[in-house]
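Participant: Each chain, written out:
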Amino acid sequence: MARIDLDHIRHSYLPNPTSPSDYALKEVNLTFEDGGAYALLGSSGCGKTTLLNIISGLLTPSEGDLLFDGKPVTELSTEARNIAQVFQFPVVYDTMSVYDNLAFPLRNRGVPAAEVDQKVSEILRIIDLESKAKRKAQGLTADEKQKISLGRGLVRSDTNAILFDEPLTVIDPHMKWVLRSQLKHLHKQFGFTMVYVTHDQTEALTFADKVVVMYGGEVVQIGTPDELFRKPQHTFVGYFIGSPGMNILPCEVDGTMARVGGHSVPLPCGLDPKKVAQKTEVGIRPEFVKLGGAGEGLPLKVNAVEDIGRYRILRGEMEGVALNAIVGEGMSIPESPTALFDPTQTNLYADSWLVSEGA
Amino acid sequence: MEKTVNNKAWFMVLPVLLLVAFTAVIPLMTVVNYAFQDSFGNNQFFWVGIEWFQELLSSERFHDALVRNLIFSFSILAIEIPLGIGIALCMPKKGWGVPVCLVLMALPLLVPWNVVGTIWQVFGRADIGLLGYFLNSLGINYNYTQDPVAAWATVIVMDVWHWTSLVVLLCYAGLVSIPEAYYQAARIDGASRWAVFRYIQLPKMHSVLLIAVLLRFMDSFMIYTEPFVVTGGGPGNSTTFLSIDLVKMAIGQFDLGPAAAMSLVYFLIILLFSWVFYTAMNNIGTEKKHYAGEE
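Each protein sequence line maps, in turn, to chains A and B. So the first sequence is residues 1 to 359, counted in this note's numbering. So the second sequence is residues 1 to 295, counted in this note's numbering.
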């Protein structure tokens with residue numbers, strides 16, 4: 001187990017990258033603390049898998065250094081880095097039995113037979129495949145195959161880190177939940193450094209202590225699930241995390257007031273007059289939008305109301321910009337509703353980045 | 001679900017039944033017919049029962065040709081299959097080298113059989129052939145028209161030259177279908193190059209190898225044109241394979257009865273061996289049938 005540092009890592013799949021858009025990974029400085037459970041969250045094509053493959057050594061970064069416990073490993077081969085990685089689609093060795101599949105990474109490293117047996121039996125129990133240990137891996141279901149892949153990742157106790165690349169994509173929803181809890185449990189038990197790539201926010205938020213949100217080849221925010229929810233550093237984080245995502249409304253800033261359309265919204269902070277921003281926006285979570293009667297707030301045109309069970313989602317618009325609100329149980333929706341923003345939960349964004357308080 | 005019975009369907013399949021009857025069933029029945037009769041020309045036929053079969057199966061000439069053919073087929077399988085796998089493993093997976101390699105590999109397959117024979121017939125000649133002249137000038141006494149060993153070597157090398165490409169192309173198709181994640185997982189697991197071959201590449205090539213072995217066995221067991229052009233079955237009878245012998249018997253000696261009996265036995269041998277290969281290779285390393293797999 002080790003602390004992993006990414007120091008000015010950049011990567012391009014092109015031979016001679018020139019502009020920043022040629023880079024799949026724009027410049028990443030990141031530290032994964034020893035024993036931490038991290039989730040890399042982002043939409044498809046944002047560089048998550050590239051970053052993971054750089055850590056495991058399947059890719060050599062175009063620029064920058066990778067350090068394990070302070071020692072540079074950028075030039076080391078995958079085998080020498082001692083990393084475990086689980087891929088999106090199950091990879092099993094068809095002709096081997098389930099047992100041999102799990103024993104394979106250990107045997108390749110010359111682990112004594114008794115120890116192999118002990119580790120493999122333990123993993124078989126965890127992934128619940130004890131009854132199929134002797135069976136050939138070929139012909140198992142996709143679920144079972146992916147459990148074998150997971151098991152191969154977990155079987156070595158001396159790995160520097162375990163990397164998961166959307167490992168539960170092919171697993172059915174119920175099993176997903178079970179396996180995720182087991183991973184979480186294993187993490188608590190053995191303290192592996194785990195990095196979990198996903199585009200599913202629920203998966204990221206339930207698995208990880210810290211979530212790294214990536215967007216367009218850059219890390220836009222690292223934080224606890226709560227930080228990502230309350231103080232998204234970038235409008236992408238606001239939009240990506242939460243269901244529905246944060247409301248982002250274009251505005252003009254006047255002191256500590258934002259003017260949205262013809263209406264004023266109080267802000268927790270103002271904009272530094274020295275900074276020039278191309279575009280300013282206010283962001284507020286649908287959870288913090290309150291509904292008022294006519295004349296109380298921003299006029300809202302209701303397009304649809306979705307009943308989710310415990311609450312309702314009001315899908316509306318304000319002068320052509322989408323604005324959602326969550327309406328709690330037992331709350332009524334007024335005849336011609338207006339939106340009231342909770343000033344403490346309203347964020348100001350300049351050029352998509354959060355303007356921190358007191359600026 | 002109730003099965004629909006509609007006798008009109010027979011009219012739909014009638015053309016194909018007629019076609020198969022004229023191209024396969026009737027000729028085959030003619031051969032069967034000949035195999036049990038003796039003819040003296042003038043369309044006179046006499047029933048002889050299984051006499052031709054008894055004669056054939058106890059004839060030394062047939063045994064020798066059969067043994068020669070088996071040695072030939074197993075030799076070229078033993079060379080072409082490993083060589084084909086080896087070349088396929090060395091071929092590039094991407095870039096400009098892929099089309100170049102594929103075209104080079106496909107070239108021998110595009111040459112007509114008798115032209116292949118002619119090429120090697122000339123190539124191997126000691127007086128004007130590049131290969132023959134070169135070997136003889138090195139002091140190796142190479143003459144495929146006189147020396148049975150040289151004749152055998154020529155015929156085998158010729159077949160390897162002609163048909164290894166087929167094995168290569170089949171194996172290559174199997175190899176490129178392996179997802180990159182398998183190789184990545186193997187690196188993560190610390191697998192050796194041999195282990196990657198043994199546990200990833202070979203299992204994934206299994207089905208194409210089965211086809212390769214079957215095709216190469218059937219084709220080599222039926223080989224006629226190339227050795228006929230190069231050696232004509234000689235020197236002596238040293239490269240007289242079953243098909244060459246059959247043609248000698250049927251057209252050279254005009255022994256229609258014995259030739260027909262031999263055709264049937266020949267056909268049954270190929271069928272039997274192909275079935276054995278198919279069954280054996282399908283059982284190697286697969287327990288597919290026991291489990292309801294998704295693949």
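One thing to keep in mind: the hints can contain errors.
[Stated by the list, open to error] Under the rule of at most 25 Å between Cα atoms (straight-line distance), these lysine-lysine pairs were calculated in the PhoX-like manner:
hint : chain 1 : residue 1 : chain 2 : residue 2
1    : B       : Lys204    : A       : Lys132
2    : A       : Lys290    : A       : Lys275
3    : A       : Lys134    : B       : Lys204
[Unchecked claim] Quick look at which bits of chain A chain B covers, simulated, 3 or more residues with Cβ under 8 Å:
hint : segment
4    : 81–87
5    : 102–111
These are calculated hints, taken from the structure and not from any lab test. Backbone N, C-alpha and C fix where the C-beta goes; we use that ideal spot for every residue, glycine too.
Participant: When I compare C-beta atoms, does the segment 102–111 of chain A have three or more residues closer than 8 Å to chain B?
Facilitator: Check passed, 4 qualifying residues.
Participant: Are 3 or more residues of the segment 81–87 of chain A near chain B, judged by a Cβ distance of less than 8 Å?
Facilitator: It holds, with 4 qualifying residues against the three required.
Participant: For lysine 204 (chain B) and lysine 132 (chain A), compute the direct alpha-carbon distance and say whether it is at most 25 Å.
Facilitator: Holds, at roughly 22 Å.
Participant: Holds or violated: lysine 290 (chain A) with lysine 275 (chain A), Cα cutoff 25 Å?
Facilitator: Violated, at about 32 Å.
Participant: Need the status of pair lysine 134 (chain A), lysine 204 (chain B): alpha-carbon distance at most 25 Å?
Facilitator: Given pair lysine 134 (chain A), lysine 204 (chain B) holds - Cα atoms ~21 Å apart, limit 25 Å.
Hint 2 from the earlier list is the only one contradicted by this structure; the remaining hints agree with it.
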